[in-house]
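By the count of full-length UniProt numbering, the sequence shown reaches residue 265 at its end, each step adding exactly one.
The set of hints was computed from the structure by calculation and includes no laboratory data. Computed from a prediction, not measured in an experiment: that's the story for all the values here. Beta carbons: idealized from backbone N, C-alpha and C, even for Gly. Hints may be right or wrong, so weigh each one.
Restricting the straight-line Cα-Cα distance to at most 20 angstroms, the calculated cross-link-like pairs of lysine to aspartate or glutamate (EDC-like) are [stated by the list, open to error]: (1) 243 x 258; (2) 234 x 224; (3) 243 x 254.
Restraint-style ranges between C-beta atoms, simulated for each label pair [as the list claims (entries may be wrong)]: (4) 38 x 135: 42 to 50 angstroms; (5) 258 x 222: 31 to 39 angstroms; (6) 38 x 186: 27 to 35 angstroms; (7) 53 x 178: 44 to 52 angstroms; (8) 53 x 153: 36 to 44 angstroms; (9) 132 x 201: 17 to 25 angstroms; (10) 178 x 226: 22 to 30 angstroms; (11) 73 x 198: 21 to 29 angstroms; (12) 107 x 134: 36 to 44 angstroms; (13) 235 x 261: 27 to 35 angstroms; (14) 17 x 178: 40 to 48 angstroms; (15) 16 x 226: 38 to 46 angstroms; (16) 3 x 135: 40 to 48 angstroms.
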Amino acid sequence: MVTTLCDAAVAVLTTAAPLEKVRLTREYAAAWRDGRIAGFGNLLPPERPARPERPPLMLPRDMPKRGRGGSAQNRLALLHALAHIELNAIDLAWDIVCRFVGEGMPKGFTDDWVQVADDEARHFQMLEERLNQLGSGYGELPAHDGLWQAATTTAHDLAARLAVVPMVLEARGLDVTPETVRRLREFGDAESATLLQVIHDEEITHVAAGRRWFGHLCAKRGVDPVETWQDLVKRYFRGGLKKPFNVTSRQAADFGPEFYEPIAE
Numbered sequence: 001m002v003t004t005l006c007d008a009a010v011a012v013l014t015t016a017a018p019l020e021k022v023r024l025t026r027e028y029a030a031a032w033r034d035g036r037i038a039g040f041g042n043l044l045p046p047e048r049p050a051r052p053e054r055p056p057l058m059l060p061r062d063m064p065k066r067g068r069g070g071s072a073q074n075r076l077a078l079l080h081a082l083a084h085i086e087l088n089a090i091d092l093a094w095d096i097v098c099r100f101v102g103e104g105m106p107k108g109f110t111d112d113w114v115q116v117a118d119d120e121a122r123h124f125q126m127l128e129e130r131l132n133q134l135g136s137g138y139g140e141l142p143a144h145d146g147l148w149q150a151a152t153t154t155a156h157d158l159a160a161r162l163a164v165v166p167m168v169l170e171a172r173g174l175d176v177t178p179e180t181v182r183r184l185r186e187f188g189d190a191e192s193a194t195l196l197q198v199i200h201d202e203e204i205t206h207v208a209a210g211r212r213w214f215g216h217l218c219a220k221r222g223v224d225p226v227e228t229w230q231d232l233v234k235r236y237f238r239g240g241l242k243k244p245f246n247v248t249s250r251q252a253a254d255f256g257p258e259f260y261e262p263i264a265e
């Protein structure tokens, strides 16, 4: 029975079926906002979230290459990959809510990440519905198993988690999505393009939440946010920061180039 927010987080994290994970997320997020879930609790999250039997999970290097053309197959592969990212993002949001409950962060921190989980659940649902319209669905193609690595490597430190997940991984989504939207419109898939634009615009608020609470934590610890972020990214993110950056969307999230330009490849 779910009586605390950590109960809710663990219930979602241990649910394998994607649409049930979405349903529970939306139900618990609404209950938190309405005050029907009032306490935080202290139940620990699992080391890895439950996953469905499909799609098969592969190492990133073993994934089939996705073409950039406008064929139906390439568009399905793109939408499936994005749905997989959103499914992982649901779990990442619930994990941060529960794993770091002992940090003593303000309630606004929890409110933000419950909202992020709710947004990611809705994004997955939108992508799944679009895949269904195109005659496919989540699980029909393989997916890579590298996304949870960021959670594993930053499980010991909230600052590292914020530095890597919203301020690197989600910020990267802001960089690449506008070109993807442009290509989809060029290929005549206005419906998918519109869907991705909605996701992009809402992801700005997720990067903003990461930036805001990273700054709060740095002030609490008495450290410089720019230098600390750069140090944490060098230590815990292996992929490197790749140009070009979507400076406009990043600025909308209060995430200035003084953070990322000096350490970009």
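Now the hints, each set against the structure:
Note on residue 243 and residue 258: the hinted pairing holds, with a Cα-Cα distance of about 14 angstroms set against a maximum of 20 angstroms. For the given pair, residue 234 sits about 16 angstroms from residue 224 by alpha-carbon distance, which is consistent with the 20 angstroms threshold. For the given pair, residue 243 sits about 18 angstroms from residue 254 by alpha-carbon distance, which is consistent with the 20 angstroms threshold. Judged by the Cβ atoms, the range 42 to 50 angstroms given for residue 38 and residue 135 holds: they are separated by roughly 44 angstroms.
Between residue 258 and residue 222 the beta carbons are some 19 angstroms apart, a value that contradicts the proposed interval 31 to 39 angstroms. In this structure the supplied range 27 to 35 angstroms is violated for residue 38 paired with residue 186, their Cβ-Cβ distance being about 49 angstroms. A C-beta distance of roughly 35 angstroms is found between residue 53 and residue 178, which places it outside the suggested range of 44 to 52 angstroms. The given range of 36 to 44 angstroms is broken by residue 53 and residue 153, whose C-beta atoms sit roughly 26 angstroms from each other.
At about 23 angstroms, the beta-carbon gap between residue 132 and residue 201 stays in the expected band of 17 to 25 angstroms. Distance hint check for residue 178 and residue 226: the Cβ-Cβ separation is about 25 angstroms, which falls inside the suggested range of 22 to 30 angstroms. Between residue 73 and residue 198 the beta carbon distance is about 24 angstroms. The supplied range of 21 to 29 angstroms therefore holds. Between residue 107 and residue 134 the beta carbons are some 41 angstroms apart, a value that agrees with the proposed interval 36 to 44 angstroms.
With their beta carbons about 19 angstroms apart, residue 235 and residue 261 fall outside the hinted range of 27 to 35 angstroms. Between residue 17 and residue 178 the beta carbons are some 33 angstroms apart, a value that contradicts the proposed interval 40 to 48 angstroms. As the Cβ distance of residue 16 to residue 226 is approximately 40 angstroms, the hint placing it in 38 to 46 angstroms holds. Between residue 3 and residue 135, the C-beta spacing of about 42 angstroms keeps the proposed range 40 to 48 angstroms intact.
In this structure, the earlier hints numbered 5, 6, 7, 8, 13 and 14 are contradicted, and the remaining ones agree with it.
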